[in-house]
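Undergrad: Residue numbers (this note's numbering), protein chains in the order written: chain A, 916 to 1233; chain B, 107 to 240.
FYI, nobody ran anything at the bench for these hints, they're computed from the structure. Among the clues, some could well be false.
[Claimed, not checked] Using 35 Å as the maximum straight-line C-alpha spacing, the simulated DSBU-like pairs for lysine-lysine come out as follows:
#1 B:K210 / B:K128
#2 B:K110 / B:K210
#3 A:K945 / B:K110
#4 B:K109 / A:K945
Being a predicted model, the structure only gives us computed values, none of them experimental.
Given next are the chains, with one letter for each unit.
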Amino acid sequence: MKDLTQQILNGDIRSIARAISIVENNAPLKEPLLDELYPFCGKAMIWGITGAPGAGKSTLLDRIIAAEREQQRRVAVIAVDPTSPFTGGAILGDRLRMQRHALDSGVFIRSMASRGYLGGIAGATRDVIKVFDAAGYDLIIIETIGVGQSEVEVVSLADMILLVLVPGLGDEIQALKAGIMEIGDIFIINKKDREGAVKLKTEVEYVLRFKNESSAPPNPVIMTAATLNEGIAEVIAAAEQYFQYLTDSGQLEQRRRQRLRQEFYDIVLTKIQQVVENHYNLTQKVERLVELVVEHHEKPYALIEKHLNSILKEIEQR
Amino acid sequence: MNKKLRILIAKPGLDGHDRGAKYVARALKDAGYEVIYTGIRQSPEAIAQTAIQEDVDFVGLSLLSGAHNELFPRVVQLLREKQASDIIVFGGGVIPESDMPFLKEQGIAAIFTPGTSIAAIIEFIEANRPRVSH
Ligand SMILES: Nc1nc2c(ncn2[C@@H]2O[C@H](COP(=O)(O)OP(=O)(O)OP(=O)(O)O)[C@@H](O)[C@H]2O)c(=O)[nH]1
Ligand SMILES: [Mg+2]
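Generate coordinates for the entire structure from the input sequences, incorporating the hints supplied.
TA: Laid out in structure tokens, this is it:
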């Protein structure tokens, strides 16, 4: 494994790709590998790009990659698409729009299926970021599944969120209602070649006025036409400026700390769950509880309370 | 742990008809695989590089233009050069029977002509599962 770690640090493509699979498949090597990589993490800038299905996230990313490459930044993209809940299969098609970068050694694009994880990303996305970070990519961008309002977990993984809105999708109303505005840092009104873009921009700016505290700089609202390569330089400039603000104001630090907190919390909970499942026959015990409630009319909460103590004791003795 | 198999479906060459490739991609998705689709007119270099970045287990090449004898072996060769010969390459499209021995010899693991059922492709993939479960 030392070998693999070293190869990743050297930026070897095959090793990075393999490591991502290890992480994704939750292979036994995952935890020690991530621990070895951890000291080399923290240098990359992490953006999330999210928005409704078909808003133009991938097309924008293609343009953003090109612009960032002009500045010699090494870019990694994690593009998440949904896994079918019925078959477990997935078509990962985001990459198609960025494929002209396939032969650029400074660009690494990895498609990920959500594998049942809700939240617009995959469960392993958080750890894949670390692999890219340790491998020395300057900018890591996560493209979420095309989302509605509730699947915005990318907020807890990224330093900064680019929220893509388009005219004609009812985003105007959605923005006002659903609080999706809360999660964006940079607002992109894409498909400005379409009718309604200016109106949408006005409305977004109007809503944002209530969001912004007086001290913070306003969230940038930029109009783009990704297919025509229009507005991209403005997005980059605004993003860099906003990132600078996040850094200087201490918010970046705060967000990263919060991210770590959330992560540790999740890991501890997962581990506890594993212990319970491994050492205690939960399925069977729950079955017994159901029987008691249904057939013997016991009271659910009182019953569980009674059993919880014996459950904890049993685990302790292991 | 039942590893999720990842398959890249790619179209090398100049023809712009990707109906067949898309059909196969969707069918493989329905069979429970993770399918990466990269669109038409991909160079063998781009296909090989994509296969490596995506750490796929299989690459399925689809071609109607007739340049299979050149492009298919090129992909295999590039994967070999990049120490990725464990990735299994198969092909599909309008390919004459007489070309098949040559392609097999060049390392194309299987060839599926337009009449092939999806079931045959899935059978091929499953038969190779032990080989790719690293
Ligand atoms: N008219 C117009 N079409 C655009 C623009 N940007 C993207 N599109 C088109 O919108 C469609 C969807 O673009 P994608 O980039 O795949 O959108 P996406 O948000 O990544 O989609 P999902 O990943 O499927 O959610 C494509 O047909 C693009 O060509 C734009 O600025 N103007
Ligand atoms: Mg996309």
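Undergrad: Taking the hints in turn, state whether each one holds.
TA: Tested hints:
In summary, the hint linking K210 (chain B) to K128 (chain B) is supported, as the alpha carbons are separated by about 24 Å, within the 35 Å threshold. At roughly 26 Å between alpha-carbon atoms, K110 (chain B) and K210 (chain B) fall within 35 Å of each other, so this suggested pair holds. For the suggested pair K945 (chain A) and K110 (chain B), the alpha carbons sit about 16 Å apart, so the restraint of at most 35 Å is met. At most 35 Å may separate the alpha-carbon atoms for a hinted pair to count; K109 (chain B) and K945 (chain A) meet this at roughly 14 Å.
Going through the hint list in order, the structure satisfies each hint without exception.
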